[in-house]
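Whole structure, please, built from the sequences with the hints as guidance.
Top line first, the protein sequences correspond to chains A and B. Convert by adding 5 to the 1-based position in the first sequence; the result is the number in my numbering. Convert by adding 5 to the 1-based position in the second sequence; the result is the number in my numbering.
The hints are simulated quantities; they were obtained by calculation from the structure and are not laboratory data. Think of the CB as a built atom: it goes at the ideal place given N, C-alpha and C, for glycine as much as any other residue. Some clues are possibly wrong.
Said to hold, decoys possible - Partial list, computed: chain B residues near chain A (C-beta under 10 Å):
{"no.": "1", "residue": "K79"}
{"no.": "2", "residue": "H82"}
{"no.": "3", "residue": "V98"}
{"no.": "4", "residue": "Y99"}
{"no.": "5", "residue": "E102"}
{"no.": "6", "residue": "E126"}
{"no.": "7", "residue": "P303"}
{"no.": "8", "residue": "V343"}
{"no.": "9", "residue": "F347"}
{"no.": "10", "residue": "A374"}
As the list claims (entries may be wrong) - Chain B residues, not near chain A, derived (Cβ > 10 Å throughout):
{"no.": "11", "residue": "K95"}
{"no.": "12", "residue": "Y213"}
{"no.": "13", "residue": "R349"}
{"no.": "14", "residue": "A358"}
{"no.": "15", "residue": "A498"}
Protein chains: 2
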Amino acid sequence: MLLEAIYHQPKSQYAYAYDEETLHIRVRTKRGDMDRVAVIWGDKYNFSDETITETPMEVFAQDSLFDYYHAEVKPPHLRFAYAFKFEQGKSVVYYNEVGFSEGKMQSSGVGMLWSPSGMFEFPFLNPIDVNKPPEWVKQAVFYQIFPERFANGDPSLNPPETEAWTADAEPTRTNFFGGDLQGVIDHLDYLKNLGITCIYFTPFFEAYSNHKYDTIDYLKVDPQFGTNEKAKELVDEAHKRGIRVMLDAVFNHSGYYFPPFQDVLQNGANSPYKDWFHIKEFPVQTNPPNYHAFAFEPHMPKLNTENPELKEYLLEVARYWVEDIGIDGWRLDVANEVDHRFWRDFRATVKRANPEAYILGEIWHNSLAWLGGDQFDAVMNYPVTNSIIDFFVKNEIDAESFMGRLDQLKIAYPMQANEVAFNLLDSHDTPRLLTIADGNKARMKLAAAFKLTYFGAPCIYYGDEIGMDGGADPGCRKPMIWEEDKQDHELFAFYQRLIELRKNHPALQNGTFRFLSAEKNKGYVAFERTDSQDRFVIMMNSSDKKAKIRTSGFGKAAFRDTATNK
Amino acid sequence: MLLEAIYHQPKSQYAYAYDEETLHIRVRTKRGDMDRVAVIWGDKYNFSDETITETPMEVFAQDSLFDYYHAEVKPPHLRFAYAFKFEQGKSVVYYNEVGFSEGKMQSSGVGMLWSPSGMFEFPFLNPIDVNKPPEWVKQAVFYQIFPERFANGDPSLNPPETEAWTADAEPTRTNFFGGDLQGVIDHLDYLKNLGITCIYFTPFFEAYSNHKYDTIDYLKVDPQFGTNEKAKELVDEAHKRGIRVMLDAVFNHSGYYFPPFQDVLQNGANSPYKDWFHIKEFPVQTNPPNYHAFAFEPHMPKLNTENPELKEYLLEVARYWVEDIGIDGWRLDVANEVDHRFWRDFRATVKRANPEAYILGEIWHNSLAWLGGDQFDAVMNYPVTNSIIDFFVKNEIDAESFMGRLDQLKIAYPMQANEVAFNLLDSHDTPRLLTIADGNKARMKLAAAFKLTYFGAPCIYYGDEIGMDGGADPGCRKPMIWEEDKQDHELFAFYQRLIELRKNHPALQNGTFRFLSAEKNKGYVAFERTDSQDRFVIMMNSSDKKAKIRTSGFGKAAFRDTATNK
Chain A
6 MLLEAIYHQP KSQYAYAYDE ETLHIRVRTK RGDMDRVAVI WGDKYNFSDE TITETPMEVF
66 AQDSLFDYYH AEVKPPHLRF AYAFKFEQGK SVVYYNEVGF SEGKMQSSGV GMLWSPSGMF
126 EFPFLNPIDV NKPPEWVKQA VFYQIFPERF ANGDPSLNPP ETEAWTADAE PTRTNFFGGD
186 LQGVIDHLDY LKNLGITCIY FTPFFEAYSN HKYDTIDYLK VDPQFGTNEK AKELVDEAHK
246 RGIRVMLDAV FNHSGYYFPP FQDVLQNGAN SPYKDWFHIK EFPVQTNPPN YHAFAFEPHM
306 PKLNTENPEL KEYLLEVARY WVEDIGIDGW RLDVANEVDH RFWRDFRATV KRANPEAYIL
366 GEIWHNSLAW LGGDQFDAVM NYPVTNSIID FFVKNEIDAE SFMGRLDQLK IAYPMQANEV
426 AFNLLDSHDT PRLLTIADGN KARMKLAAAF KLTYFGAPCI YYGDEIGMDG GADPGCRKPM
486 IWEEDKQDHE LFAFYQRLIE LRKNHPALQN GTFRFLSAEK NKGYVAFERT DSQDRFVIMM
546 NSSDKKAKIR TSGFGKAAFR DTATNK
Chain B
6 MLLEAIYHQP KSQYAYAYDE ETLHIRVRTK RGDMDRVAVI WGDKYNFSDE TITETPMEVF
66 AQDSLFDYYH AEVKPPHLRF AYAFKFEQGK SVVYYNEVGF SEGKMQSSGV GMLWSPSGMF
126 EFPFLNPIDV NKPPEWVKQA VFYQIFPERF ANGDPSLNPP ETEAWTADAE PTRTNFFGGD
186 LQGVIDHLDY LKNLGITCIY FTPFFEAYSN HKYDTIDYLK VDPQFGTNEK AKELVDEAHK
246 RGIRVMLDAV FNHSGYYFPP FQDVLQNGAN SPYKDWFHIK EFPVQTNPPN YHAFAFEPHM
306 PKLNTENPEL KEYLLEVARY WVEDIGIDGW RLDVANEVDH RFWRDFRATV KRANPEAYIL
366 GEIWHNSLAW LGGDQFDAVM NYPVTNSIID FFVKNEIDAE SFMGRLDQLK IAYPMQANEV
426 AFNLLDSHDT PRLLTIADGN KARMKLAAAF KLTYFGAPCI YYGDEIGMDG GADPGCRKPM
486 IWEEDKQDHE LFAFYQRLIE LRKNHPALQN GTFRFLSAEK NKGYVAFERT DSQDRFVIMM
546 NSSDKKAKIR TSGFGKAAFR DTATNK
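Right, here's the structure in full:
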């Protein structure tokens with residue numbers, strides 16, 4: 006056995022409460038190293054050979070180096086002391102907090118009266134510590150709207166020099182097309198028809214730019230888009246159609262024209278807002294900035310979220326839109342650069358206003374530190390984005406590598422966070438899916454089909470479903486094409502059907518996921534999604550060649566037409 | 006290279022803020038596998054071959070399987086993107102969030118506009134997230150007092166049937182000897198003379214038992230010990246002598262006679278306190294208990310720290326003793342079974358009352374989940390207890406294993422937590438050190454000497470310094486011997502001199518610690534403690550044979566008499 010490969014950390018993504026009575030226990034080993042792995046456990050105050058239980062563990066995830074074993078346990082007194090047992094041929098190795106031991110489990114301890122000495126512990130499953138993301142997200146299908154570009158429903162709000170909304174309009178970094186909230190209200194039935202259950206809006210608060218990430222007033226809809234009353238109307242109309250609404254906000258930095266920052270620019274050290282930012286010295290200078298900023302962008306001064314007055318203001322923002330306007334979630338821009346205490350208080354504020362609100366952080370890298378149940382429900386799932394695109398769209402990695410990347414992610418977080426992860430394939434920050442696929446619609450469909458049959462909440466970027474294309478910003482931000490003869494109806498029907506399939510079968514939303522085939526140097530995969538109702542076996546070929554796939558090991562399955570159910 | 010052995014987790018004990026400008030970055034490799042390890046880093050918004058820095062890493066800890074590399078970095082914009090570079094002979098392997106790559110660092114990412122795709126990240130060092138335990142603890146020498154057994158200063162408070170305070174008195178689980186707070190006040194000069202800077206009291210709140218862990222009133226000194234005014238006098242008198250005071254409290258469970266529990270026993274589901282506990286069903290029964298309890302002990306009902314009213318009461322307890330009575334710290338009994346949210350709010354309450362208060366959790370196992378700066382400053386360092394005893398007292402493990410166990414602990418937590426770890430060798434819960442050593446005073450001294458020259462805050466259990474012995478509870482709880490002719494004055498002087506040495510040389514308190522010699526099958530070790538002032542090279546032999554130790558690799562050292570400084 007390769008002991009160096011074995012990894013476990015108590016009270017982490019390797020040992021956590023899944024619900025108020027269930028613990029998930031995991032351990033990593035070298036791939037293919039073990040014949041059997043088990044968790045040996047009992048109550049810490051009554052731990053002996055007579056009282057302990059041995060629960061077999063199963064391979065839950067795999068990559069090129071490792072197997073990740075998983076078991077579910079329900080300790081009757083909510084206390085849990087445990088060790089691992091590894092078997093390879095005739096060799097048996099135990100692993101607990103003391104370390105590894107062959108043949109017999111070792112314990113340690115000087116006068117440890119109570120402690121089952123040397124065991125790993127999950128000391129007590131306190132319900133309040135259980136990470137409980139909102140259930141509705143598991144069933145949700147999101148649709149991302151960039152408000153300036155979805156629909157112009159009220160031309161009276163058009164900003165000066167608004168350009169014509171045509172199918173061949175060319176967005177620039179600074180131009181405007183007049184999209185607004187009324188435009189969204191006008192097309193809610195379109196979204197309902199597609200099967201959407203939640204809109205994710207990029208910011209619509211008052212700001213200078215067309216993307217509105219440079220906030221001027223966090224408590225006010227940008228006048229180009231409408232009013233706060235219009236936002237409330239939008240939320241109410243959406244809710245009537247079974248569609249929820251998530252807003253995007255930037256608490257990491259403000260816009261240059263945020264009045265408190267303007268006050269600091271004018272009044273320097275005398276400004277009452279001087280501690281709302283990270284000013285290194287006075288007088289303030291903007292080029293280069295002598296304050297912390299988003300990236301090196303002087304027009305986006307970083308907010309000092311430690312400051313109590315600023316924090317109070319921002320938490321009121323968090324509360325207002327949830328409680329008074331009725332939104333169902335927050336997507337948090339540059340969430341990883343804001344302090345953790347702010348997010349803990351943010352979560353408390355938001356969940357007090359609506360316990361079912363969804364809190365989604367924009368984080369591009371490993372996000373474990375935010376997903377313990379005290380900060381975010383989930384993060385933007387960019388690693389899944391990249392994996393799907395590299396396998397299905399670019400055909401750059403093989404099936405084994407695709408599995409490894411997804412499975413590493415599966416093991417990287419508690420399952421709750423994965424179940425409500427936000428799975429996108431493109432956005433206002435990336436080229437559009439069809440463009441990444443070089444116009445290859447078949448590959449685009451493969452990617453979308455995988456996303457819509459994988460766990461986590463899928464999101465569709467506005468217009469993808471009707472075949473819009475576009476490169477990186479600004480190309481991906483074209484006005485939505487509403488001229489029916491310029492929309493790809495076949496593609497729309499494809500999305501609509503997959504969404505319907507997903508919504509009709511909880512197994513596709515939140516059933517277990519397991520790869521059945523993901524071989525080295527192969528371009529096809531097979532996987533299953535299972536719950537108590539259904540078992541889906543899904544086979545997808547990303548290579549340009551026909552693939553023969555041996556289904557004998559996949560278990561029994563009756564092939565049915567998912568549309569007719571026959 | 007053994008890739009399976011390499012481990013890193015961003016934003017964990019492997020990557021954390023040490024202070025407001027410094028990050029500690031660590032990575033694990035197979036022991037002896039690498040010739041060189043470096044961290045390659047830069048600003049995430051300006052990450053390119055021209056702007057990155059390569060910082061060599063050093064072996065910071067070792068055990069039988071692994072080397073643990075460590076580096077300190079100061080990112081100028083407080084943002085940090087990084088990868089690792091491993092060198093073995095001519096082979097170079099890079100490791101970042103994408104995985105391992107040979108020869109050239111790989112990156113990934115679809116349209117990742119900003120993110121230095123594929124790098125690990127510490128996104129922003131926000132000052133408020135830095136774990137800052139109180140500085141004074143690094144210099145402290147603690148002394149643990151079991152109030153019923155330290156000194157009887159006011160016989161008028163003696164409980165009925167108080168037994169005689171003699172050197173051969175035999176404690177039982179239920180008897181009383183009349184120790185009280187006046188007794189402690191009377192002997193503060195004794196503690197000052199020994200060199201003590203902080204007293205750790207096991208509980209002195211009103212309770213039924215002699216150990217007082219079964220609290221009846223958290224806001225009141227037990228009448229057997231005195232009054233709250235007497236406690237304030239004790240704290241003030243101690244402070245005058247430069248001695249701080251830490252109290253012990255049990256927030257996990259109450260005593261049976263805690264009035265709210267009595268109310269629940271009497272009034273059942275009608276009690277206003279019914280949700281202060283974890284009652285599974287009404288009517289309440291105590292044998293066996295149909296409520297969660299400490300262990301299986303019906304007389305210690307577990308408190309429901311999620312309940313807002315109970316929580317408010319307990320947080321007021323936390324505030325009162327710190328703010329109104331002036332104590333300097335809390336030692337928290339069975340801290341691992343209480344919910345994490347309670348501890349976060351507890352910390353906020355205590356640090357608001359006194360930012361320099363020390364928060365110490367009683368946890369016997371891996372405590373990482375509590376040591377992120379949001380809950381405890383440190384934990385009772387039982388793994389160090391066991392390691393010192395196994396090596397120096399029982400002579401059961403070899404030097405390499407001793408090093409491995411200490412070094413695993415060193416890498417298990419952020420350095421801040423290690424610097425203020427609470428290092429004890431015995432307590433009211435274990436046999437006394439001299440008894441563990443089978444009366445072998447030389448071994449006892451070795452253990453004490455190591456503890457007093459190691460990092461973390463050392464604690465002496467009352468009476469150890471004068472040669473008291475005793476087995477497990479109740480034997481270890483004998484009344485303190487005050488008859489001078491029955492005290493071991495030589496041992497007292499030994500403790501006194503070591504404490505003075507430690508206090509005079511910050512290198513022994515908080516200098517870097519490194520093993521210079523810790524070989525397989527050997528019974529001796531050498532280590533150094535270094536700061537900008539001093540470098541100590543300390544050699545200790547735990548075997549029964551004379552040891553020859555080769556000092557040629559230890560660097561230059563001038564041997565001086567630590568007492569005379571010559």
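How the hints compare with the structure:
Annotation: interface hint on B:K79 violated; nearest CB of chain A at approximately 15 Å, more than 10 Å. A distance limit of 10 Å between C-beta atoms decides the matter here; for B:H82 the minimum to chain A is near 7 Å, and the interface restraint holds. Hint status for B:V98: violated, given a least beta-carbon distance of 13 Å to chain A, over 10 Å. Contact between B:Y99 and chain A, as hinted, is not supported at the beta carbon level, the nearest pair being about 16 Å apart and thus beyond 10 Å.
Nearest Cβ of chain A to the Cβ of B:E102: about 6 Å, under the 10 Å cut. The hint holds. The closest approach between the C-beta of B:E126 and any C-beta of chain A is roughly 5 Å, which is under the 10 Å cut-off, so the hint is satisfied. Annotation: interface hint on B:P303 violated; nearest CB of chain A at approximately 13 Å, more than 10 Å. Given the 10 Å rule on beta carbons, the hint for B:V343 holds: about 7 Å separates it from the nearest Cβ of chain A.
Interface restraint check: B:F347 against chain A, minimum CB-CB distance 8 Å, threshold 10 Å, status holds. With a cut of 10 Å, the hint placing B:A374 at the interface with chain A holds, because the nearest CB-to-CB distance is about 4 Å. No Cβ of chain A approaches the Cβ of B:K95 within 10 Å, the least distance being about 22 Å, so the stated non-interface status holds. For B:Y213, the shortest C-beta to C-beta distance to chain A comes to about 19 Å, beyond the 10 Å cut-off, and the non-interface label holds.
For B:R349, the requirement that its beta carbon stay farther than 10 Å from each beta carbon of chain A is not met, with the minimum near 7 Å. With a minimum CB-CB distance of about 17 Å to chain A, B:A358 clears the 10 Å threshold, and the non-interface call stands. For B:A498, the condition that its CB be more than 10 Å from all CB atoms of chain A holds, with the nearest at approximately 26 Å.
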